[in-house]
Amino acid sequence: MAPDGQGTYLDGLIAGLGWTLATALLAWALALVLGIVVGITLTTSRRWLRRFAGAYVELFRNIPLLVQMFLWYFVLPELVPADIGHWLKSLSNAPFVTAVVALGFYASASVAVQIAAAIGAVSLGQRHAALSLGLTIPQAYRHVLLPVAFRIAIPSLSNDFTSTIKNSSVALTIGLMELTARARAMQEFTFYVFEPYAVATLGYVGVNLIVVNLMRALERRVAIPGFISSRKD
Amino acid sequence: MPYILGLLVLCATIASGGVYAEELTGTLKKLKETKVLTIGAPDANVPFAYLDDKEEHIGYSIDLCHKIAEALRIKLGLDKLDIHTRSVTSATRIPLIQNGSIDIDCDSATNTLKRQEQVSFAPTDFIATARLVAKKSSNINGLSDLKGKRVVSTNGSANLEQIISLNREQNLGMTIMTAKDHAEGFLMVATDRAAAFAMDDILVAALIANSKNPSEYAITTESMSIYPSGFILRKNDTAFKKAVDEALSAIYTSGEINAIYAKWFTSPIPPKGINLNFPMTEQLKKAFAHPTDSGNPDDYR
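Chains G and Y are the protein sequences, given in the same order.
Every letter in the first sequence is one number past the one before it in numbering that gives the first Met the number 0, and letter 206, counting from 1, is 205.
Every letter in the second sequence is one number past the one before it in numbering that gives the first Met the number 0, and letter 71, counting from 1, is 70.
Read the hints as simulated data drawn from the structure, not as lab findings.
It is possible that some hints are incorrect.
[Unchecked claim] From the derived model, a few chain Y residues whose C-beta atoms are all more than 10 Å from chain G:
#1 Asp52
#2 Glu54
#3 Leu75
#4 Ala90
#5 Pro94
#6 Ser100
#7 Arg114
#8 Glu160
[Unchecked claim] Residues from chain Y shown here face chain G by an in silico Cβ test under 7 Å; the list is partial:
#9 Val118
#10 Asn170
#11 Thr174
#12 Lys179
#13 His289
All figures in this text were calculated on a predicted structure; none of them were measured in a lab.
Glycine is no exception: its CB is placed at the ideal position from the N, C-alpha and C atoms.
Make a model of the complete structure from these sequences and hints.
What follows is the structure, encoded as structure tokens:
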């Protein structure tokens, strides 16, 4: 099995898996940073800040990812000043960069909601106790609320993480040659349909199983004995 | 013991082959019984097969498929043979052919030897030439003008494969980008994301004709290679393929094809009444005079 390009089809699929991982991991890092900031903002006492964060969440979670990718890739460069637009278009890895940004923002909306919910799940008494000890609000978040909230959020965040890996396949619409795009190319060249997708499926399942298990290990590792999601195993 | 079994199977095969030699098999048998021919057609491949304003499939390939159906009806001695059209995409057409959901894929798929391992092709009905499309303002007349520039082609197309190898062989230092479909490849040129789009001339001609500003684009004259194309049929159904081959060959050699070709390639076509102005090439005239289903481009020169 050797196509006209470089190496075998399997090499192509492996390279595709590499792009899938790179895209998903960077996008996930971006989603965590943005999501945590926006999630915390959602729980602040300032109303206009909460409004702003709420609008952010609704914006990014209510537009289909496919459309968002398309907007970032084709529409954004036309909206910014011509010079910047030209620079954006001439980025040598434009599909990759765009995919990371689009996927990161998309996933961050969900992360923000999980984080906000987790902060809300920490009992109000803790917040009051922290404040009455004389901690400032940022200190209360930093030392009391967030450490517990992050632990509560781990299971639902691992769900988002696997979604991000699967959603990276949408980047094929802007020309990123990730795993699904490679499988598609292979199908078009050879008319073998099931084989490339079977391999791609194994790739996604394999990666996601690793992620799920790592997140479980992390959850167990950081668990506070006798406190929240204490696992019996 | 095993060899006796093998012998039995062999005898049975010979016997059944002898007895049923005159009977219809495969797709032809199904057509005779159901009186329905199911064709697969894409929704937006101008002018081969696309949807008109009444949401019906029309096009060069669709016309040819209707002719084939008529020939099959006569061959099978049926009073009627209904045609059911099913929308397919490049991702679904092969599984649908293989599992029997459609009998012919009425598109115009590039015929390659690699693809023939999976499916059969009807006699070539079109020969596309690989060319480049670029904005006139960028002054691109050939591959050599694209050194160090960004070039896009469609994922999974032979054109993409070719541009990648040309880039490597001739050391052009181009950045090769992939688009998910032809429309997006063209959009990349329209929005200056890529300097040129490497694609079949006919597809590009249709895209330009339907663009906002057709005079803005130019197709290079340099031919990078040719791609014969035809309908996709199920593999190993020789009786059905033979019937389709005969039907198409009759249309080709009788000259009936000239009118059908002219209707779609050199006359105004729906929905906008655009004329693609795409006269028949010498290669295609040759392929019509001597119908062939070869997947080797060298056989068409």
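Consistency of the hints with the structure:
no.: 1; hint: Asp52; in the structure: holds (26 Å)
no.: 2; hint: Glu54; in the structure: holds (23 Å)
no.: 3; hint: Leu75; in the structure: holds (28 Å)
no.: 4; hint: Ala90; in the structure: violated (7 Å)
no.: 5; hint: Pro94; in the structure: violated (5 Å)
no.: 6; hint: Ser100; in the structure: holds (13 Å)
no.: 7; hint: Arg114; in the structure: violated (4 Å)
no.: 8; hint: Glu160; in the structure: violated (4 Å)
no.: 9; hint: Val118; in the structure: holds (6 Å)
no.: 10; hint: Asn170; in the structure: violated (15 Å)
no.: 11; hint: Thr174; in the structure: holds (6 Å)
no.: 12; hint: Lys179; in the structure: holds (5 Å)
no.: 13; hint: His289; in the structure: violated (26 Å)
Hints 4, 5, 7, 8, 10, 13 from the list above are not met by this structure, while the remaining hints are.
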